[in-house]
Amino acid sequence: MTATSERATATRSRSAEPRPLGNRIYGFLRSIPTWFLWILVILWTVPTFSLFVNSLRTRDAQRGSGFWNAFSDETFPTLDNYQDVLFPEVGAGLGNALLNSASIAIVATIIPIAIAAFAAYAFAWIDFRGREWLFIGTVALLAVPTQVSLIPLLSAYSTGVRWTIPIVERTITLFPDLDLSGQIPSVWLTHTGFAMPFAIFLLHNYIAGLPKDLFESAAIDGADHFKVFWRLVLPLSVPVLAAFAIFQFLWTWNDYLIALTMIGGNREALPATIVVASLAGEFGAQEHLLTSGAFVITLFPLIVFFALQRFFVRGITAGSVKG
Amino acid sequence: MASITFDNIGKVYPGGTRAIYDTNIHVDDGEFVVLVGPSGCGKSTLLRMVAGLEDVTEGQLSIGDRVVNDVSPKDRDIAMVFQNYALYPHMTVFDNMAFGLKLRKMNRDEIQRRVEDAARTLEITELLDRKPKALSGGQRQRVAMGRAIVREPSAFLMDEPLSNLDAKLRVQMRSELGLLHARLATTTLYVTHDQVEAMTMGDRVAVLRAIGGKEVTNLQQIASPRTLYDDPTNLFVAGFIGSPSMNFIYGTVESEGDRVFAKFASQRVEVDRSRLAERQTLSNFTGKEIVIGLRPEGFEVKEAASSDMIVENRTLNIDVGLVEQLGSEAFIHFEMASRPVITPELQELLEDEGTDIETLGDATKFTARVDPDMTPKPNSKATLVVDTTKMHFFDPETGLAIT
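First to last, the sequence lines map onto chains A and B.
Here this note's numbering is used: the first residue of the first sequence is 1, the next is one more, and so on.
Here this note's numbering is used: the first residue of the second sequence is 324, the next is one more, and so on.
Because the hints were derived from the structure by calculation, they are not lab data.
All values derive from a computational prediction rather than experimental measurement.
Hints should not be assumed to be uniformly reliable.
[Claimed, not checked] Capping the alpha-carbon separation at 27 Å, the derived lysine-lysine pairs in DSS-like fashion look like this:
id : chain 1 : residue 1 : chain 2 : residue 2
1  : B       : Lys-428   : B       : Lys-454
2  : A       : Lys-227   : B       : Lys-611
3  : B       : Lys-625   : A       : Lys-212
4  : B       : Lys-611   : B       : Lys-688
5  : B       : Lys-397   : A       : Lys-212
6  : B       : Lys-425   : A       : Lys-227
7  : B       : Lys-397   : A       : Lys-227
8  : B       : Lys-611   : A       : Lys-212
9  : A       : Lys-227   : B       : Lys-454
10 : A       : Lys-227   : A       : Lys-212
11 : B       : Lys-704   : B       : Lys-625
12 : A       : Lys-212   : B       : Lys-456
13 : B       : Lys-454   : A       : Lys-212
14 : A       : Lys-227   : B       : Lys-688
[To be verified] Just the calculated beta-carbon pair ranges, DEER-fashion:
id : chain 1 : residue 1 : chain 2 : residue 2 : range
15 : A       : Phe-305   : B       : Arg-389   : 53 to 61 Å
16 : B       : Gly-338   : A       : Ser-149   : 39 to 47 Å
17 : B       : Thr-604   : A       : Asp-224   : 52 to 60 Å
18 : B       : Glu-620   : A       : Leu-234   : 52 to 60 Å
19 : A       : Lys-212   : B       : Asp-432   : 51 to 59 Å
[As the list claims (entries may be wrong)] Chain A is faced by these chain B residues, among others (derived, beta-carbon under 8 Å):
id : residue
20 : Phe-405
21 : Asn-407
22 : Tyr-411
23 : Pro-412
24 : Phe-422
25 : Ala-508
By construction, the Cβ of each residue, glycine as well, lies at the ideal position given by its N, Cα and C atoms.
Put together the whole structure using the sequences plus the hints.
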């Protein structure tokens, strides 16, 4: 190799220094043409759109042809399916179930946020013994699958948990017998517990990233931990709180398994997801109602998402590549 | 109002690293003291100890008559201005300034009055409703100052408050801070790495040096700017203070009758009698190798020498290298045939400014500040007159000035 080409190689390799992964991903995403994104948008929207169209068609029309034939139906559009789902002639409609869903989702969103914000602040900015291990332990709980603890939890809710200390032979109550099974609070507690590791992890990462100067300045200004948390950390963490609120609301609103296990036979307290699933009736006689039922359920998360999406996007991209 | 006293202060970090040892500084009530030094010299750590943001691990720290080693930051009655301003981003300028007062449960009218007064002083009244995001760097700096002023604390602590401003604004804020201090006369401890800032602002300046874990004091010298410049106690202070910095060269002193000559790079100049009177112990070093220090302004081109300068026996013949003409003054760079002076102190300073010792070569580089009208041409020969009344002598073994 000649001296010149060697120098050229050296220059090139210097200019081709590896960029951070985030930048490369960002650069790649930026290079995707808009028309391609539009194709993705359409592909992703088709199922929801077809569900919506079908929800406006009669049972026969739904069973007879695909949703793209809707305009050739004489009966299209009809609100009968919505009528049957929300205000049926026999039995209760979805109304009560939607209220149950809301009371589950809203409370099961607020409680974890309230607890996790305090915990995340403490893990990030209060120096106490064993802080790191406790944090690692908390986050490690992310690995516990919901399913394995459902039955123990259910039994704890219905009969409480007692433990007899060996040798001393004394029994202590670890969890009181609150007779919660079949009640909505049992779902709140379960959601709260399972949300906590992720909530603390997410909020901690954000709160720990706030500039240290601010906390020092506040300390000199005379703020104690509670004031720092209340006047500084909470207002500055709105984006991440909103992001987590959306996650948690969607998850609890759409949850089926936990609600079914904890509430089970108490039909009065069942959330919309379970009620809609049972709409189809025996042998699927009423399966055409699933379309409108599903669409009613989807509506609420959409409202929440659009109300908070401004914060959501900011929270997700917080601290990542600057656009 | 209060004094600040560092009494044998030391700092060992939890990992066992020692940053500060046996440092004694007393800041008088109302005095403006600047802590200056290269990075890692412990200046910020000392300041943060006063603020209560770092534990004092050794010694006694007092504000006024009160020992504050274990007093929490909020009870120390001090206000701090941070390098990055640390403004609360979600609050307006008014709320930023009022935050500390509200937390102290001051009544509303008093808060209003103080914030407005401070805003008027700093000329930021029209910004009171804005958020920090909507302010320029200079405006943020003023708000940060305002937040300190409204507290009316017994001392201000400032951690490189001007380092994030551009050069022009920095000069402007420097003089404004000076005026502000003259008006408020609040005890101020100011940290900077910029020696010009230190020299122009401080009533007294403390030069600090990194101790690299050793048990020696960080404090090299604390004195008025003038004393630091004219009478540096060691090579570190001599090399740190002054821009361009002092020229150092190995040489010897020898006496002939009652006259004393400094000999370096095969040339010699006579040391002025007045200087000999000020440097009594110099005679102990006769014949030994010492380090001679000359400030750039201690030279003049022979043709431009004023009539009251003694020329006889005080000239150096040089080969002019680079010439920098600035209009108001001119710098000429040249080399003296003598190995460069590299003592631990100077090596540290060179490393701090990013100079590689390997690149120094085997000649000593000199800079002289001369009359801009009589500047010699680059690559010509010239004769310089040395003002030997301002000559400095150092013991290369200890690095201390010979006095």
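Do the hints match the structure? See the list:
Taking the CA atoms of Lys-428 of chain B and Lys-454 of chain B, the gap is about 23 Å. The hint holds against a cut of 27 Å. Taking the CA atoms of Lys-227 of chain A and Lys-611 of chain B, the gap is about 66 Å. The hint is violated against a cut of 27 Å. Proposed proximity of Lys-625 of chain B and Lys-212 of chain A is contradicted: the alpha carbons are some 57 Å apart, above 27 Å. For the hint linking Lys-611 of chain B to Lys-688 of chain B, the alpha-carbon distance of about 22 Å falls within 27 Å, and the restraint holds.
With a C-alpha separation of about 17 Å, the suggested pair Lys-397 of chain B and Lys-212 of chain A falls inside the 27 Å cut-off, and the hint holds. With a C-alpha separation of about 11 Å, the suggested pairing of Lys-425 of chain B with Lys-227 of chain A holds against the 27 Å cut-off. Among the hinted pairs, Lys-397 of chain B with Lys-227 of chain A is consistent with the structure: their alpha-carbon atoms are about 13 Å apart, no more than 27 Å. For a cut-off of 27 Å, the pair hint linking Lys-611 of chain B to Lys-212 of chain A is broken: about 53 Å separates their Cα positions.
Using a Cα cut-off of 27 Å, the hinted pair Lys-227 of chain A and Lys-454 of chain B holds, with the two alpha carbons roughly 20 Å apart. A distance of roughly 16 Å separates the Cα atoms of Lys-227 of chain A and Lys-212 of chain A; the hinted pair therefore holds under the 27 Å criterion. Note on Lys-704 of chain B and Lys-625 of chain B: the hinted pairing holds, with a Cα-Cα distance of about 12 Å set against a maximum of 27 Å. Our distance criterion of 27 Å between C-alpha atoms is met by Lys-212 of chain A and Lys-456 of chain B, whose separation comes to about 18 Å.
At most 27 Å may separate the alpha-carbon atoms for a hinted pair to count; Lys-454 of chain B and Lys-212 of chain A meet this at roughly 19 Å. Restraint check for Lys-227 of chain A and Lys-688 of chain B: not satisfied, since their Cα atoms lie roughly 58 Å apart, outside the 27 Å limit. Separation of Phe-305 of chain A from Arg-389 of chain B is about 56 Å and conforms to the stated range, judged on CB atoms against 53 to 61 Å. Evaluation of the 39 to 47 Å hint for Gly-338 of chain B and Ser-149 of chain A yields a pass: the beta carbon distance comes to about 41 Å.
Roughly 57 Å separates the CB atoms of Thr-604 of chain B and Asp-224 of chain A, a value that falls within the hinted 52 to 60 Å. Between Glu-620 of chain B and Leu-234 of chain A the CB atoms are about 58 Å apart, so this pair conforms to the stated range of 52 to 60 Å. Between Lys-212 of chain A and Asp-432 of chain B the CB atoms are about 34 Å apart, so this pair departs from the stated range of 51 to 59 Å. At a threshold of 8 Å, the smallest CB-CB gap from Phe-405 of chain B to chain A is about 5 Å, leaving the interface hint in force.
For Asn-407 of chain B, the suggested interface contact is upheld, since its CB lies about 5 Å from the closest CB of chain A, less than 8 Å. Interface restraint check for Tyr-411 of chain B: the shortest CB-CB distance to chain A comes to about 6 Å, inside 8 Å, so the restraint holds. Restraint check, Pro-412 of chain B versus chain A: the minimum CB separation of about 7 Å is within 8 Å; hint holds. For Phe-422 of chain B, the suggested interface contact is upheld, since its CB lies about 5 Å from the closest CB of chain A, less than 8 Å.
At a threshold of 8 Å, the smallest CB-CB gap from Ala-508 of chain B to chain A is about 21 Å, leaving the interface hint violated.
Violated hints, in rising order: 2, 3, 8, 14, 19 and 25; the structure is consistent with all others.
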